[in-house]
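Undergrad: Given the structure of chain V, go ahead and fit chains C, D and B with the ligands onto it with the hints provided.
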Amino acid sequence: MVVDLVLGMAGSGGDGVVSAGESLLAAVSSHGYHAMMTKSFGPQIRGGESSCRVRVGTVPVHNPGGALDAAVALNWEDFLKFGAELELAPTTVLIHEAKAGPPPEALVRRGAMPTEVVAVPITELTNQSAGTEKAKTSVVLGLLCGWFGVPEDGVRRGLEKKFAKKGEGLLETNERALKAGIEHALANPLRSTKRLAPPPTHSPKLLCDGNDLCATAALFAGCKFFGGYPITPSTEVMQTLAKEIWKYGGTVLQAEDEIAGIGAALGASFAGLKSMTATSGPGMALKTEIMGLASIAELPLVILDVQRGGPATGLPTKSEQADLFQAAFSAHGDVLRPVLAPISVGDTFRVTVEAFNLAEHYQTPVIILSDQEVAQRKETVEPIDTSRFTIEERLAPSASDLVDYRRFRHTESGVSPISHPGLAGGSYLGAGIEHNEKGDPTASGAEHARMNEKRFKKLEPLQHRRDLFDVLGPSDAPFALISWGSSAGVAREAFELARAKGLAVKLLIPRLLYPIAVPVYREFLASVEAGLVVELSHQGQLHKILRMQLDLPAGLRSFCHSGATPFRPDQVLAELEALAAVGVK
Amino acid sequence: MVVDLVLGMAGSGGDGVVSAGESLLAAVSSHGYHAMMTKSFGPQIRGGESSCRVRVGTVPVHNPGGALDAAVALNWEDFLKFGAELELAPTTVLIHEAKAGPPPEALVRRGAMPTEVVAVPITELTNQSAGTEKAKTSVVLGLLCGWFGVPEDGVRRGLEKKFAKKGEGLLETNERALKAGIEHALANPLRSTKRLAPPPTHSPKLLCDGNDLCATAALFAGCKFFGGYPITPSTEVMQTLAKEIWKYGGTVLQAEDEIAGIGAALGASFAGLKSMTATSGPGMALKTEIMGLASIAELPLVILDVQRGGPATGLPTKSEQADLFQAAFSAHGDVLRPVLAPISVGDTFRVTVEAFNLAEHYQTPVIILSDQEVAQRKETVEPIDTSRFTIEERLAPSASDLVDYRRFRHTESGVSPISHPGLAGGSYLGAGIEHNEKGDPTASGAEHARMNEKRFKKLEPLQHRRDLFDVLGPSDAPFALISWGSSAGVAREAFELARAKGLAVKLLIPRLLYPIAVPVYREFLASVEAGLVVELSHQGQLHKILRMQLDLPAGLRSFCHSGATPFRPDQVLAELEALAAVGVK
Amino acid sequence: MDTATTTCGATATPKDYSSALKPIWCPGCGDYGVLQALYRALAAIGRPPHEIAFISGIGCSSRIPGYTTAYGFNSVHGRALPIAQGVKLANPDLQVIVAGGDGDGFSIGGGHVAHAVRRNLDLTYLVMDNQVYGLTKGQLSPTSPKGLATVTSPLGSLEEPINPLLYTLAYGAGFVAQGTPAEMPGLTALIEQAIRYPGFAFVNIQSPCVTFGQEEQQMRAHKAHLRPLASLGHDPSDQLRALDLARSYGKELHTGVLYRNPNPPPTYDALVRERQRALAPEAKDRSRLLDVFLQK
Amino acid sequence: MDTATTTCGATATPKDYSSALKPIWCPGCGDYGVLQALYRALAAIGRPPHEIAFISGIGCSSRIPGYTTAYGFNSVHGRALPIAQGVKLANPDLQVIVAGGDGDGFSIGGGHVAHAVRRNLDLTYLVMDNQVYGLTKGQLSPTSPKGLATVTSPLGSLEEPINPLLYTLAYGAGFVAQGTPAEMPGLTALIEQAIRYPGFAFVNIQSPCVTFGQEEQQMRAHKAHLRPLASLGHDPSDQLRALDLARSYGKELHTGVLYRNPNPPPTYDALVRERQRALAPEAKDRSRLLDVFLQK
Ligand SMILES: Cc1ncc(C[n+]2csc(CCOP(=O)(O)OP(=O)(O)O)c2C)c(N)n1
Ligand SMILES: Cc1ncc(C[n+]2csc(CCOP(=O)(O)OP(=O)(O)O)c2C)c(N)n1
Ligand code: SF4
Ligand code: SF4
Ligand SMILES: [Mg+2]
Ligand SMILES: [Mg+2]
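Chains as they are written, first to last, in our numbering: chain V, 137 to 721; chain C, 137 to 721; chain D, 25 to 320; chain B, 25 to 320.
Where hints are given, some of them may not hold.
Partner residues are not named here, just some residues of chain C that face chain D (Cβ under 10 Å, in silico) [what the hints assert, rightly or not]:
#1 Gly149
#2 Gly178
#3 Val654
#4 Tyr657
Using C-beta positions, here's what the derived DEER-type ranges look like [unchecked claim]:
#5 V:Ala255 <-> D:Asp315: 57 to 63 Å
#6 C:Glu308 <-> D:Pro252: 46 to 52 Å
#7 B:Glu240 <-> D:Asp315: 36 to 42 Å
#8 B:Lys308 <-> V:Gln599: 57 to 63 Å
#9 C:Ala248 <-> B:Lys320: 37 to 43 Å
#10 D:Pro252 <-> B:Lys320: 54 to 60 Å
#11 D:Arg244 <-> B:Asn287: 47 to 53 Å
#12 V:Pro334 <-> B:Glu240: 49 to 55 Å
#13 D:Lys308 <-> V:His600: 34 to 40 Å
#14 C:Ser534 <-> B:Ala44: 19 to 25 Å
Hints are computed from structural coordinates only; laboratory data are not their basis.
Built from N, CA and C at the ideal position, the CB exists for glycine as well.
So that you can see chain V by itself, here it is in the shape it has in the complex (with noise of 0.2 Å):
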């Protein structure tokens, strides 16, 4: 019995590995367990190759998990595409296609293959079954309730819920071919002997992924426009609020391009309404000219940037931590936005209805530096007590505001009331060039240098802001782990596995990732004095932007590589304890 199972499967685009995958989430999901699916595919969006690994608990999973315990290869060459997403250990169960052949050359010289490979003929036994070579993931799915205690009724149900409008035929068909992939199991045991614990007791869950919660936290928020251009890893927080906004009052526009998106996005949100754009990284290059403007025209605003591989088109369907620098910095002038990121699939709620709160409070533009993994993973989610959010509006002028209004006055804490186009009294001229109280253009250096002074000032409070960290471990550990992102579930099952080995760590995951919050840290880092901060770029990002702005403990390194393939629990683990081996000092 396993309290934790990583399943993997990999076949061509047709196969429907990814929708097999989603079947064996709901069902292990809607018994109780914790659960997450992660699915990748080849260089192009649509078209190719395609797989998923399911990751199953008994408690809460935090990432992907690292090397599989139980593989399928419905073909020999889709399934090498995948190196590190689908990685084999000799302990791996690897089931394949009985005509596919036994594993190729090219796997075995990969190395640490496992010691059990077991051949199913399973296009026979779909077309056996089933009567139709389409139902051989069905056949798949009764292999792994067979083998590894999937719940067989919860697939059951998933494949009812499916099959139910597409006619009776299918459904039968599919059932067929489950109940034929079980009896082949049960027929053929395995000499592993990893079967899944019984669910936790029950306790109900939601099922989604990062986008699905960002859309649903832009309307808990009051978002009323969303302007944007479709773009993967992104497009479905713009299809669900385009489904939804309508009965709340909001608009979607999809715009021609994604700088008539953010253009869109900003004009709603002069003439009042909270609002909001969202794209993946080539889109956050093109609307850097708007986000500049919504940062001098003080004018709130929500962006979310799903990262993937870069530069440019890069890797469109798989996670990278990138976009940090471009999310911090790509501004021409001088200009300081808010930069958030959610840890996880429910974080996304926690963590959009912050951006919408800082945007209309601190009237900015606000990043959310979400990435593919968390955006599009699928996983169980705690229920979340959405009565504790308080949901900020904007700072309305009063009336004495209104006798001679100023826009742009100068205040204590930089924040001016803020009018908008129909509201008597409030007309002013918003602008992209400098301007001064009343927001008429001026060339002055030193009206100029004040309203910088007031840009950057009133962001101050987010210095502050402990509420949007992560702090785990006892304060005086000498050893650190710093990790955001998707990368930050990865740190903390390995903060978690070092600390049962008995190592003195701790574990910094900040949400709010630009400006740093150098009281935060500087408290977090007291103590530290070797650690590893762990995100998934080339360059490691944040590292070198908390280097800028605060003072490291010499032994603080990067710990980071290339996006693609997430990092696993067990090299943090691994990196983290050469660390300490190296001891303190």
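TA: Relative to the frame of chain V, chains C, D and B with the ligands by itself:
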């Protein structure tokens, strides 16, 4: 007699003060003086107030200087709009149009009022002598000849050149006005006796601005394609090339926007030509995505960013050094690209040639980060010995490279031989998507990591380009100044003043801003305990980037302020002395 | 955000729309006339200034919002139309006017026009077409005639100009007109009609740049050569004839309404509002939004 | 860079243009047919592959350069035309082909089309118009019919589609045609003619998306409904008639050449080369370039 004289004047758009400044500059430079003229306008590029200042010296001048020796106000309203640009001191001779009345309250309230204020009936003198108000500035030039020893025949020759083609009448009119000004000055001697010392022994000089030299250097380096879109203050580069480049077999394309401009330039580079685009901050923002494409496709490209005040439209006619973050960091994914900055008009030639060399050699986009002041101020430049420049060409594939050609072959240097359409055997797929050595798309994390490494590795030699840094002063000095772009000339004068006062200070001026040449800085900073990084931005962006990549001496601080008004040498000196007064340790 | 629509009605005067900011266009610039015509048209319509959102890009012409008492947004170069669409969708009760230059609208902003037109929001788009880049001092504009020598085309341009009238007609605009400040009553009337047209309305205004423009594009030439479409007996409901007439842009100076859709279709903003009203009953309580994801 | 123009002539076969990279379009995708037609057209023309530069943006359709033996550039979304113009100006001897989807070309890239057309470089622009965003999985495209329900317009779109044929004609394109892989010989011929046309040539290819497209846009429907312009007796030199016919885009499936300028004007690249040749004698020695600034 003075060896250094700073003159300034302001008027409304139509008064022609800038044109008068140019005549003045031509006059003094033709006599062998070193000189420099800067101009300044209101918040709008076209229309509104304008001003200029001319600094003349018997020794080279590195910056526009501090408070004015003589100021001319054609009317108070416009003069007042220029605060720090036309700074007054008690020692300034303030000359104003008599009919405008005495200096207004607003000016007096600013403090530091000149003790010598001279009312001149400029309009009256003009009408009397020339019979038209239009020759006003010739009267002003006459006053400056008469009172400050500006060489009269130089001015006269300038008028001849300027009005030669506009018909006899105009020339005569202006000559009469000039004479009237001179006579008025001689008849009404000043209390102050700031007369310019005789010029140094005559040596021929170039008279031009930074944009002139950038365009000329591009031709010199072999640039054959320019694609761009007009934007202040960079447009003159396109304008010059649009006249000249055809002669050398090249083309200028005025594109429909900045994206198309860089797109076409990148296309030309793909086709094998040395290629360039130019813009300012807002245009840089728009070019971000295609700059990333140039990086991943490993195509040479020179991108000129003439910085102006930001964010957004900002202060389009004023200088600022706040696009460094954007130049260094704005890209999605991990990108490294060289950023160079010229420190003076003359330096622009060298830096531009260098930019083409780096682009071609390393197959990378290179950013030239000029700024409005360096780009648009006109100054005397020592003749440039072009024979000492080498011109680099991209690495062509050998015959054996073309056997099963791999465009992105991993080589020791990271640079791969590059083909171009038209070359038999060299066909490949250029792409913004991640690719393998051949250029075929990939989604493999391992391939991606190798390509990221390649793209970063190839730029490592830049770490050792000591020739891209000016280092002055004793190597063991505990105090330091670091400055770049147009501020470098100010820092240089402050450095010289400090040295003259016996301060143990050294000076570092980087032309290579990014990547940070760690060994060069390490060596320079070895002796340093305190110092200033002087730059014209709110955030002090170079200082922040240095922190990011180096362990800086604790006493090395940022000395920065928002743009529009350049630093004055005495400000930097004062700050440095304050630092030194606190003492070493 | 259903702001009640109020009107100043007969009480509004052009002065009500004029702000304290002093225009800094060159003396004689055509844009002064455009501004006056706009004041008059706004007064004739009579919406209070705070119910007007006036969006522009960057250029000499794009400064115009600042000279009115409306809510203005002098944004960035080329992006006035997308921003304006966001404003209008956020609050369809606003009277939204967009203005800018030929460069702003048809060069850098050219990609947005077709989409603004096909969406057909109730917007008024005024382009001050001076066939040159005024603000940046005289570069070639997309409407500059072929062969023109400018600072960026010192040897003469090699490309055909674009045709704003033909393009917007081909895009399907419901209201397309052309005017000039050389004929103020006509221009005022066109702006007023454009604002009143329920849908996307475009007025191309030949607004001379006295500083960088050509002789043939100045007030004097306009006065000498303008050909009112009315005098040609043009029927503005005839789209095909409008397309045909539009082809002489750059050769003839037609003034008046080229095309006005006699049966304006519902606007995008009206359709959006309709959809919002229809779906409002399906709105969930904020605390129930996450229920769709509950696995039971 | 006056590469001598060579031809394979009669010896070239479609296979010469087919690369080792295996297309990963969905089985049945219309783009397979487009690729075959292109191979054939290229073989008929016979330029060696290395003298062809094939530029695209991003989309399913934009993958096409990689499947040929030409120099390809699979650039970024929407920017194929500007890049291609740079390539052509850099080396006018190259045969430059641009390809992409309806989204790539008319949505994000829409602002570049009018300018590419009016510059009139000798380029061939092939759009695989499938009325949907294929690569990103089924969103609304600018050519999707009004009212279409997609993942981004689940309640039906509210905007009119754009009209690629009418737009490019209004922009002044010298060659405008439409084809479909449902009729391979015709499509092949159109591509060949477009490439041979000396100037900007546009072919709108109705290329079905089997995965996200509508029933009415599939091969079967094309075969049933296509109306060859030749069979209508259309004279491709009649621009006004072409404009008129173009207006039925989205309603009728016209195939063939809508417009071909019978007197193609000189191309921009030819004018550029002419200018370069005329001015070459004025070239200064590299070491003398700075002399203009010398004050004596
Ligand atoms: C992104 C960007 N690119 C370029 C510019 C520079 N720029 C400002 S206005 C303008 C063109 C002005 O021409 P037009 O739109 O015709 O207006 P006009 O001044 O003639 O009224 C340009 C190129 C800018 N501000 N921002
Ligand atoms: C700047 C940018 N925005 C968006 C995308 C995402 N994207 C890639 S292709 C595409 C549209 C594809 O549609 P189309 O051009 O019609 O080509 P098709 O796949 O239908 O052939 C989009 C939105 C991107 N890659 N880059
Ligand atoms: S430059 Fe031309 S468009 Fe601009 S204000 Fe002057 S006259 Fe008007
Ligand atoms: S998604 Fe559509 S366009 Fe893309 S490959 Fe598949 S069928 Fe072709
Ligand atoms: Mg203009
Ligand atoms: Mg498409």
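Undergrad: Compare the structure with each hint and give your call.
TA: Now the hints, each set against the structure:
1. Gly149: OK, holds: glycine 149 of chain C within 10 Å of chain D, min 7 Å.
2. Gly178: holds (7 Å)
3. Val654: Violated - the Cβ of valine 654 of chain C stays beyond 10 Å from chain D, reaching only about 37 Å at its closest.
4. Tyr657: It is violated, given that the least Cβ distance between tyrosine 657 of chain C and chain D is near 36 Å, above 10 Å.
5. V:Ala255 <-> D:Asp315: 57 to 63 Å: violated (45 Å)
6. C:Glu308 <-> D:Pro252: 46 to 52 Å: holds (47 Å)
7. B:Glu240 <-> D:Asp315: 36 to 42 Å: About 38 Å separates the Cβ atoms of glutamate 240 of chain B and aspartate 315 of chain D, which means 36 to 42 Å holds.
8. B:Lys308 <-> V:Gln599: 57 to 63 Å: holds (59 Å)
9. C:Ala248 <-> B:Lys320: 37 to 43 Å: Hint holds: Cβ distance 40 Å, inside 37 to 43 Å.
10. D:Pro252 <-> B:Lys320: 54 to 60 Å: holds (59 Å)
11. D:Arg244 <-> B:Asn287: 47 to 53 Å: The hint (47 to 53 Å, Cβ to Cβ) is violated, given that arginine 244 of chain D and asparagine 287 of chain B are roughly 36 Å apart.
12. V:Pro334 <-> B:Glu240: 49 to 55 Å: holds (53 Å)
13. D:Lys308 <-> V:His600: 34 to 40 Å: The hint (34 to 40 Å, Cβ to Cβ) holds, given that lysine 308 of chain D and histidine 600 of chain V are roughly 35 Å apart.
14. C:Ser534 <-> B:Ala44: 19 to 25 Å: holds (23 Å)
The structure fails hints 3, 4, 5, 11 (numbered hints given earlier, in ascending order).
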